[in-house]
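Number of protein chains: 2
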Amino acid sequence: MGTKRDDNPISLRPIGTVESSLTDPATAPKQGYEGSPDAWLVFDPAVAQGLQDLRAGEQIIVLTWLDRASRDVLKVHPRDDLSIPEHGVFSTRSSDRPNPVGLHLVEILEIKGLRIQVRNLEALDGTPIIDVKPPLHGVPDN
Amino acid sequence: MGTKRDDNPISLRPIGTVESSLTDPATAPKQGYEGSPDAWLVFDPAVAQGLQDLRAGEQIIVLTWLDRASRDVLKVHPRDDLSIPEHGVFSTRSSDRPNPVGLHLVEILEIKGLRIQVRNLEALDGTPIIDVKPPLHGVPDN
Chain A
1 MGTKRDDNPI SLRPIGTVES SLTDPATAPK QGYEGSPDAW LVFDPAVAQG LQDLRAGEQI
61 IVLTWLDRAS RDVLKVHPRD DLSIPEHGVF STRSSDRPNP VGLHLVEILE IKGLRIQVRN
121 LEALDGTPII DVKPPLHGVP DN
Chain B
1 MGTKRDDNPI SLRPIGTVES SLTDPATAPK QGYEGSPDAW LVFDPAVAQG LQDLRAGEQI
61 IVLTWLDRAS RDVLKVHPRD DLSIPEHGVF STRSSDRPNP VGLHLVEILE IKGLRIQVRN
121 LEALDGTPII DVKPPLHGVP DN
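Chains as they are written, first to last, in our numbering: chain A, 1 to 142; chain B, 1 to 142.
Hints listed in this document are in silico derivations from the structure and should not be mistaken for laboratory results.
Since the model is a prediction, treat every value here as computed from it, not as a measurement.
One thing to keep in mind: the hints can contain errors.
List of simulated lysine to any residue pairs, SDA-like, C-alpha gap at most 20 Å [unchecked claim]:
no., chain 1, residue 1, chain 2, residue 2
1, A, Lys133, A, Ser21
2, B, Lys133, A, His77
3, B, Lys112, A, Lys112
4, B, Lys133, A, Leu66
5, A, Lys75, B, Lys75
6, A, Lys75, B, Glu58
7, B, Lys112, A, His87
8, B, Lys133, A, Ile84
9, A, Lys133, B, Lys133
10, B, Lys75, A, Asp53
11, A, Lys112, A, Asp44
I would like the entire structure built from these sequences, with the hints used as guidance.
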């Protein structure tokens, strides 16, 4: 068992990029459902086969790399509200965190080849996409 | 907008490691609720401040780097069942995918400093942890 840090950096390769009208981190919504625009996920031709069973109307989780985040932040005021005491980042959805991976639960609106339009994505224009997955579900018995 | 691949590799730094009795990928459960054991998340002292508001009884999403996965896979038989036609990996939870980030929705059982015990984690012993987040929630109006 080890908890070694930095010994073996792990390398992500973007599989695509977000195309969005959101360009300013200061005014972008903090969560997808807070007035985010529809946006396009534009995928690399190299991963086309991986996309083939996605369908309009489905929900997906898009994983992004929040490339404009600060990685040396461990405590934040949730929602940048200074009246709320600082929280450890792992209890928050802050984009500032050691590994700023964004999780976005979105609905597919339209698929045009390597371009997939989704509803309510709060990621900024140009954000790298690193993965797409089916929605999480909890324990069936719960 | 570009979809360039490999130009700017993104480097993840593990923030901890999974300690689990699961060591064999061939027999490990495919989803957390399918008979996974309780496991410990063992964090790096460098991220201690980020953990300070996590509490026993809460649900969290643990993001891991599935370091034993194949990254050149774009189509899989879901659940390794050859009777099911191959699907594009982005429609599946396969650990084999271009960026094998694991998402695990788990409940915190106990916190002992840098060690957090969680219920039902299907990640293998030694798997690097890259992030911890609150659970995703969908659109409130839906």
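Hint check:
1. A:Lys133 with A:Ser21: violated, 24 Å
2. B:Lys133 with A:His77: holds, 15 Å
3. B:Lys112 with A:Lys112: At roughly 50 Å apart (the allowed maximum being 20 Å), Lys112 of chain A and Lys112 of chain B break the hint.
4. B:Lys133 with A:Leu66: The given pair, whose Cα atoms are some 14 Å apart, holds under the 20 Å limit.
5. A:Lys75 with B:Lys75: With a Cα-Cα distance of about 40 Å, the restraint between Lys75 of chain A and Lys75 of chain B is violated, given a limit of 20 Å.
6. A:Lys75 with B:Glu58: OK: Lys75 of chain A and Glu58 of chain B at ~19 Å, within 20 Å.
7. B:Lys112 with A:His87: Within the cut-off at roughly 18 Å; holds.
8. B:Lys133 with A:Ile84: holds, 18 Å
9. A:Lys133 with B:Lys133: With Cα atoms ~17 Å apart, Lys133 of chain A and Lys133 of chain B stay inside 20 Å; holds.
10. B:Lys75 with A:Asp53: holds, 10 Å
11. A:Lys112 with A:Asp44: Holds, at about 13 Å.
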